[in-house]
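Residue numbers (the working numbering), protein chains in the order written: chain A, 1 to 283; chain B, 1 to 283; chain C, 1 to 283; chain D, 1 to 283.
Honestly, the hints are just simulated from the structure, not real lab data.
Repeated chains share a single entry, so a pair holds when one copy, or any two copies, can fit it.
Derived lysine to aspartate or glutamate pairs resembling EDC-like cross-links, with alpha carbons at most 20 Å apart:
| id | residue 1 | residue 2 |
| --- | --- | --- |
| 1 | 246 | 180 |
| 2 | 246 | 38 |
| 3 | 246 | 13 |
| 4 | 246 | 171 |
| 5 | 246 | 269 |
| 6 | 246 | 61 |
Owing to the predicted nature of the structure, the values given are computational and were not obtained by experimental measurement.
Number of protein chains: 4
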Amino acid sequence: MSAVMGHNRYGKDGIRLVLVRRGEGPHRSDVLRDLTVDVRLEGAFDRVHTDADNSPVLPTDTMRSTVYALAQQHLTGPLEDFGAALAGRFLDVSPACTLAEVRLREHGWAPLVGDAHAFVGGSAECATALVTRRRTGPADTRSGFSGLLLLKTTGSAFSGFLRDELTVLAETDDRILATEVTAEWGYLAGSTPAYDVARSAVRAAMVSTFAVHESRSVQHTLHAMGEASLAACEELDAVTLQLPNKHHVLVDLAPFGLSNDRAVYVATDRPFGVIEGEVRRSG
Amino acid sequence: MSAVMGHNRYGKDGIRLVLVRRGEGPHRSDVLRDLTVDVRLEGAFDRVHTDADNSPVLPTDTMRSTVYALAQQHLTGPLEDFGAALAGRFLDVSPACTLAEVRLREHGWAPLVGDAHAFVGGSAECATALVTRRRTGPADTRSGFSGLLLLKTTGSAFSGFLRDELTVLAETDDRILATEVTAEWGYLAGSTPAYDVARSAVRAAMVSTFAVHESRSVQHTLHAMGEASLAACEELDAVTLQLPNKHHVLVDLAPFGLSNDRAVYVATDRPFGVIEGEVRRSG
Amino acid sequence: MSAVMGHNRYGKDGIRLVLVRRGEGPHRSDVLRDLTVDVRLEGAFDRVHTDADNSPVLPTDTMRSTVYALAQQHLTGPLEDFGAALAGRFLDVSPACTLAEVRLREHGWAPLVGDAHAFVGGSAECATALVTRRRTGPADTRSGFSGLLLLKTTGSAFSGFLRDELTVLAETDDRILATEVTAEWGYLAGSTPAYDVARSAVRAAMVSTFAVHESRSVQHTLHAMGEASLAACEELDAVTLQLPNKHHVLVDLAPFGLSNDRAVYVATDRPFGVIEGEVRRSG
Amino acid sequence: MSAVMGHNRYGKDGIRLVLVRRGEGPHRSDVLRDLTVDVRLEGAFDRVHTDADNSPVLPTDTMRSTVYALAQQHLTGPLEDFGAALAGRFLDVSPACTLAEVRLREHGWAPLVGDAHAFVGGSAECATALVTRRRTGPADTRSGFSGLLLLKTTGSAFSGFLRDELTVLAETDDRILATEVTAEWGYLAGSTPAYDVARSAVRAAMVSTFAVHESRSVQHTLHAMGEASLAACEELDAVTLQLPNKHHVLVDLAPFGLSNDRAVYVATDRPFGVIEGEVRRSG
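Excised from the complex, chain A in its bound form (with noise of 0.2 Å):
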């Protein structure tokens, strides 16, 4: 028997960096990028495998070292310049390679009101970028966030589903809605979005959406922010969202002696609801 390689790719994950850019003067602010970036490499790497030769292999230890190279002259912007030009980088120096891709997360920094140095953090929500460069062509840029976690304590409901004979589910026409927002998308072929304040404004999109919206069910929801989404950035093609239902389960107190009106819940870990889906523009 003899065994050949399918698809295959490799890189280095967790690259932790954080840039000081410095500024001048006693009372000049100092801005802080703090950032955990991933590498992959795809192309003419299946005699790595097959033949062991390292020859087309640039090591995953140089990619890290490329991150920390490349921030001070690259990291001036929005995190998917910054993708881009390691992509290209990594393109550069591989002959091999055909694709690269890279992977950003940015954790969110907030400086102390009336000092120009120091700084608060310790939020989930991050800003993420995934850019993938191929030899020719366009980079493929797709802007996010993780790590939202929004609730709302009522215009949440969710009935008429369909009933087996498993089904014990009691319908409902308010309860709290709770999740943590995983959202990706990309641009229109040849827009050139300003991707900091796409951010920005498909964040606030969403989150004033899922603030007001009537939800029918947590499907519903993902629509209404999806579609006010695509209104708040006209450069936007598609969005994905992700949406965990973080399942709030009304207490039975009634063995006690006592109501219970929409006030105390358990808040649950596992198993819990997933809702994945693409909303995009029609026509």
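Given chain A's structure and the hints, the job is docking chains B, C and D onto it.
Just chains B, C and D, lined up with the frame of chain A:
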């Protein structure tokens, strides 16, 4: 050989409670409380272990029920008051119990501006409280918070330290200082603190001190943050701080012909320094 | 503007099932199964999103109930058979569903020698399966395992790789090689594999190959492990491996006047290399 | 107002050490040790905080170096001996230090049968040790382990407990009992224990007792496991056990017309009971 019981206790960890206090009228805001509660009881429980006599054991499942059953009536203000009600209840219903300890963490949710019923969460920062009650005497109440990430890009040095033959650390007069603050404090005997006011005052004092303090070491900053806390809240007796040193290492870019004047850092995970200490009033 | 749905699906994650099959008679052993199950359905669900029409939606709570309700009858053998029963059930009861996917992980417990009813667990290693069924055609069944930690203290080199001006990694002819194997494979069309026999054979082939293979790179080892798996189980079509490179860095003890001849290493967390590839039969 | 230091200490957490002791000759096995080490120093460090005087501070980076520098000479036997050497070293080089505490966890790797240089890992179970040394007097040595998952399918009851009006838990004479054992013990003054022999004996005693004990409560099992440990190792003074009660809840399948005679369970995450206690020799 015979074996006897030494110190023992039991309880329930990870009780997840979400309480919604509904506003009245269409434009009234809801109040959202999101807590995780741990309970421990101590007392005359030796024979449960040695003689399989369960008659003194209030089930840990009942501790869970108690948190939910008491929430509407007793979680109307600070965490500390809810903890005191819970601990008191456990002493009341369990004759064998001589000490009841309740630990509470509150997960933050910010109301969305312009909407009275939607909230955004996602921060690792929690308000904390630890309430201990015995059969006689006042409750021992400790307040705190955890998960506050702080980072400053300048104003932190570390030099003049002890060196042995295994010491290779370079002295520095300007490094990144980053930490995740865990703080806990007690109150002067006889004081009647407004717990939430105290927590806000302590947090504000710690954050602003961290920002402006010219740090000579994490220990030095710990003392300054503790001192500022005592000054900011006169009911405080003493404050305990845990300050992990989340190291940021300047990357050597010289091999690549690049300068790195306090710009490009690696954020490291492990190992990390840990500085722990109590700061209390003198005299 | 109008927004339409692209690809979408929904389901339940993290359904935790423990099944005990009781032995008969005082000396008969119990069988313990400990699974985590995830479910996804795809199909004609667009109008759930766009029109708030819930009539096609089998609730995710029902997916949970289904796992528990089918366990006694259908979890009598391999994971894959239970997955097929679940996926078939979802197609049966949901007219809108065109594709049902069930992912299963089984957590290992070893019976204690000499006792028929007690078990020891604690390993991160899981058996895995992914079963996908459509309205017509056979189920697509993939088997695998995850969480297998392997380390070898010698017999691993990495040299002759591509160098650019950012490459500082030294070549080595003897390093520690450590990884956490995630493996998944499919079966030849028309084969009727004994899934548990296949999994044992593949695991054994991978482990012994890892041990004795003279590795020139992680990619080289990946191919050897894949090839050995195909040889060990003739029903296998192709096997996909994910091999993170859990770097162990030799500590420089020279500043302390100590030698370090491949003895003292730092086990690092992040970043880490990732090698992913499929090995399939040729011809 | 003036603020003074109360109790304070500092150190390093998460020092990751892998030590390979090379066998000699082609067929000699290597020995693999994989440790995580935490260090704490206490002493005359107040002025570090109050006066920014760093002269007494041995850097935490040096603690890290010390673990690596001492490994080859001192990690030749039990964890406890390595901990004692480290703690002694810190007292030697730090004049301000009056107490040095070293906590060690060893992660298990099993050699692959038939190969002298490859290992399989992946268990959450660790051997643990905590060594505390002061300027005078013997070291205080505590041994233990953590992460041992045990489950029994029968032989566990819980009934006859205290009931109040919030108690809804049903009594049971046959439930699943599952826990993750954390155990730690000290030794009789003047004893010279073989630490690894003691750990093996205690672990074996605990596991076999868990298996065969007719449990009336987790507390009851805790005492039996502690008593068996003291009997199994005569140098032991007292043993402390932490036994979380990893609840398995029988699923109600009656709504589906199915019986469930102790067969189908939900393994729950949170909340969970916690039973903690010390068992010591009487008289």
